[in-house]
Amino acid sequence: MDSSPFLRLRGVVKSFGTFTALDRIDLDINEGEFFTIVGPSGSGKSTLIRLLVGMDDLTDGEIRLRDKRIDDTPANLRPTCMVFQSLALFPHMTVGQNIEFPLKLRKEAPDRRKARALELLDLLRLPQSYYDKRISQCSGGEKQRVALARALAFDPEILFFDEPLSALDYRLRKTLEKELKDLHARTGKTFVYITHSLEEAMVMSDRIAIMKEGRIEQISEADEIYGAPVSRFVAEFMGEVNLFGVTTGGDGTVTSDVLTVRPGATLAKAPAGARGLLMVRPEYVRFADDGDSYDFTLSGTLHGEYALGSRIQYEIETAAGMVTVEKLREDRRAVAEGEQLTVGFNARNTHFIDEAA
Amino acid sequence: MKTLDRRLGLLSALPVTLLMVLAFLAPLVVVAIFSIMPPKVFSLANTPDFSAYAVFFKQGYYKSLLWSLGMALASTVILLVVCWPLAYAMAKIFKRFTLVLTIAIVMSLFVSENIRLFGWVLTLMKGGLIEGHFRALTGIGFDSPLYGVPIIVFGLVYVYLPFMLFPLAQGISMVPDDTRQAAYDLGATRWQVLWQIEIPLAAPGIVVGSLLSFVLAAGALAESKILGGQAVIAIADDIETAFTFGQNWPLGSALSMILIVIIGTLALFGVSKVDLDAIMGRKR
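Here the protein sequences line up with chains A and B, keeping their order. Quick note on numbering that gives the first Met the number 0: the first sequence kicks off at 0 and runs consecutively. Quick note on numbering that gives the first Met the number 0: the second sequence kicks off at 0 and runs consecutively.
Calculated directly from the structure, the hints in this document are not laboratory data. Cβ atoms here follow ideal geometry from the backbone N, Cα and C, with glycine treated the same way.
Distance ranges between label pairs, derived from CB positions:
(1) A/L167 <-> B/T188: 29 to 39 angstroms
(2) A/R133 <-> B/I261: 32 to 42 angstroms
(3) B/T188 <-> A/M321: 53 to 63 angstroms
(4) B/W190 <-> A/K113: 22 to 32 angstroms
(5) A/G16 <-> B/Q229: 51 to 61 angstroms
(6) A/G244 <-> B/T188: 51 to 61 angstroms
Calculated pairs, SDA-like style, for lysine to any residue (alpha carbon to alpha carbon, straight line, at most 25 angstroms):
(7) A/K132 <-> B/S271
(8) A/K177 <-> A/R115
(9) A/K188 <-> B/Q180
(10) B/K272 <-> A/T93
(11) B/K91 <-> B/Q180
(12) A/K106 <-> B/D177
(13) A/K106 <-> B/Y183
(14) A/K188 <-> A/L104
(15) B/K272 <-> A/M92
(16) A/K113 <-> B/P199
(17) B/K91 <-> A/T46
(18) A/K188 <-> B/Y183
(19) A/K103 <-> B/Q191
(20) B/K125 <-> B/D142
(21) A/K103 <-> A/L122
(22) A/K106 <-> B/E197
(23) A/K326 <-> A/E198
(24) A/K103 <-> B/L200
(25) B/K272 <-> A/F89
(26) A/K180 <-> A/L117
(27) A/K142 <-> B/L193
(28) A/K113 <-> B/V192
(29) A/K103 <-> B/R179
(30) B/K272 <-> A/C137
(31) B/K62 <-> B/G218
With the sequences and hints as input, model every part of the structure.
Written out as structure tokens, the structure reads:
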């Protein structure tokens with residue numbers, strides 16, 4: 000028998016009538032990990048977290064925590080806890096009463112409850128004077144922290160998050176993402192986070208699972224999922240991407256209808272004799288008139304230039320469709336709309352996706 | 000601009016203010032003054048004495064008041080318990096059926112209360128719909144439940160059910176689903192969710208529903224007359240008798256004032272405790 004992981008899902012199925020929301024999910028999550036499940040809306044990620052927390056019953060399969068089955072345990076008896084998208088704070092209680100709620104249910108003494116609540120306020124960098132504040136007096140970010148403190152007061156084995164940051168404005172979200180990662184490091188708890196935002200996932204997670212139509216497409220570390228996606232769906236979901244239809248020969252040689260391939264250029268990792276997609280992220284595509292030579296080149300006319308803050312994006316219309324090039328602002332290049340351009344990139348910055356164009 | 004708004008506001012409130020003063024406040028003042036007149040006078044031009052209030056204690060009218068308040072309290076408590084599950088289902092579970100149920104219950108209000116109560120008499124009396132059929136089929140008869148305190152309380156529960164049900168459903172619909180789920184997820188049992196989350200958050204609906212049904216039940220008289228066969232006398236019955244058969248307006252007025260003060264105090268206290276704006280769907 001292999002050593003069993005902390006949280007293990009095997010063959011988890013959830014159907015609503017004839018609709019299969021989750022289709023045989025297998026998933027292992029390690030203790031102390033920050034694990035993020037990413038997917039577009041309707042991918043089944045929210046259904047999955049509801050099953051994990053115990054708010055819905057599985058149709059088939061099993062969930063084990065420390066090798067003990069928990070899928071037939073009701074939510075209030077599971078050693079797990081969730082931070083809701085809406086936060087679900089109790090509006091008729093003060094901040095302190097909210098945080099102490101799980102402790103009160105366990106009949107802990109009032110002075111110990113209060114001590115723990117104040118400790119948690121400190122941990123979440125909220126002033127202790129907030130203990131007596133009403134929930135309605137707190138700002139969005141403060142409510143977020145109160146919800147976290149309440150969940151931590153429960154002292155769960157696993158802390159689940161159902162897109163808790165999605166309703167906040169950009170700056171606050173960025174701050175809280177980092178705080179959450181920091182909190183994860185300080186508490187050493189297992190965090191399982193659900194989001195539709197790739198950025199959120201990349202900033203915080205140890206590992207990421209990408210979901211699509213009720214199935215997990217890929218589970219990897221953030222870098223790998225970004226650089227070596229297993230499918231077109233994952234590649235496109237994880238940010239801007241250029242994809243070209245190519246055919247590989249033996250010895251890693253490659254031919255393409257749309258790309259000019261430098262003689263001798265090879266794809267080391269691609270399977271031989273396969274038709275698939277060559278992926279390159281926009282930041283690895285260069286303008287080919289810079290004097291360097293590239294493994295792959297193609298030409299087109301400039302369609303537009305977009306400033307994205309620290310980066311500049313260029314869109315070039317080519318025979319292979321729109322190609323995106325990204326440069327740092329300091330490397331900005333003067334271009335004119337309709338200008339004829341040749342762009343290129345190298346084989347080591349590409350990834351071969353074994354999926355027909 | 001602001002002062003203009005204010006002036007216009009006062010101006011547009013004028014008609015309803017006049018109506019309230021004439022149709023509401025004036026009769027109340029008349030009743031209040033009559034209550035301190037000497038016995039059996041029909042004019043306000045007499046030297047005030049408080050003899051009518053003394054009669055309230057001396058002649059046992061306080062017993063009627065206690066019965067009325069007691070039965071109103073009992074029916075309110077029963078209504079709370081009976082209506083909670085139904086209101087819960089209407090607010091959270093039934094979907095289109097809620098509308099059907101609402102229409103059905105409101106329709107019953109179109110029929111006069113007395114006629115509905117007489118319907119119950121025909122159903123429950125000895126030889127009536129239930130006992131008569133039962134005896135005809137089995138040969139065994141039983142006593143009618145009519146003409147006692149329990150059947151009066153039943154009548155109050157039956158008649159004032161809509162006044163508890165709808166505010167309660169409104170109150171329950173204000174409890175966010177995820178607060179309930181969060182409490183459950185944090186380890187609360189179903190009872191703890193009910194007592195610590197649902198009841199406090201539905202409190203405005205509970206208070207409004209309880210006040211409405213208590214106030215109406217405390218002033219009710221048809222139930223004790225028709226179903227109760229005057230097994231006990233309700234205070235409203237005493238008031239009616241004093242004004243009509245007894246021809247003692249000051250006594251009727253004094254009894255009315257006592258009831259008004261008790262219920263008014265209760266209502267003001269209850270309303271001050273809840274956020275009525277919340278239940279009316281307005282933001283503070």
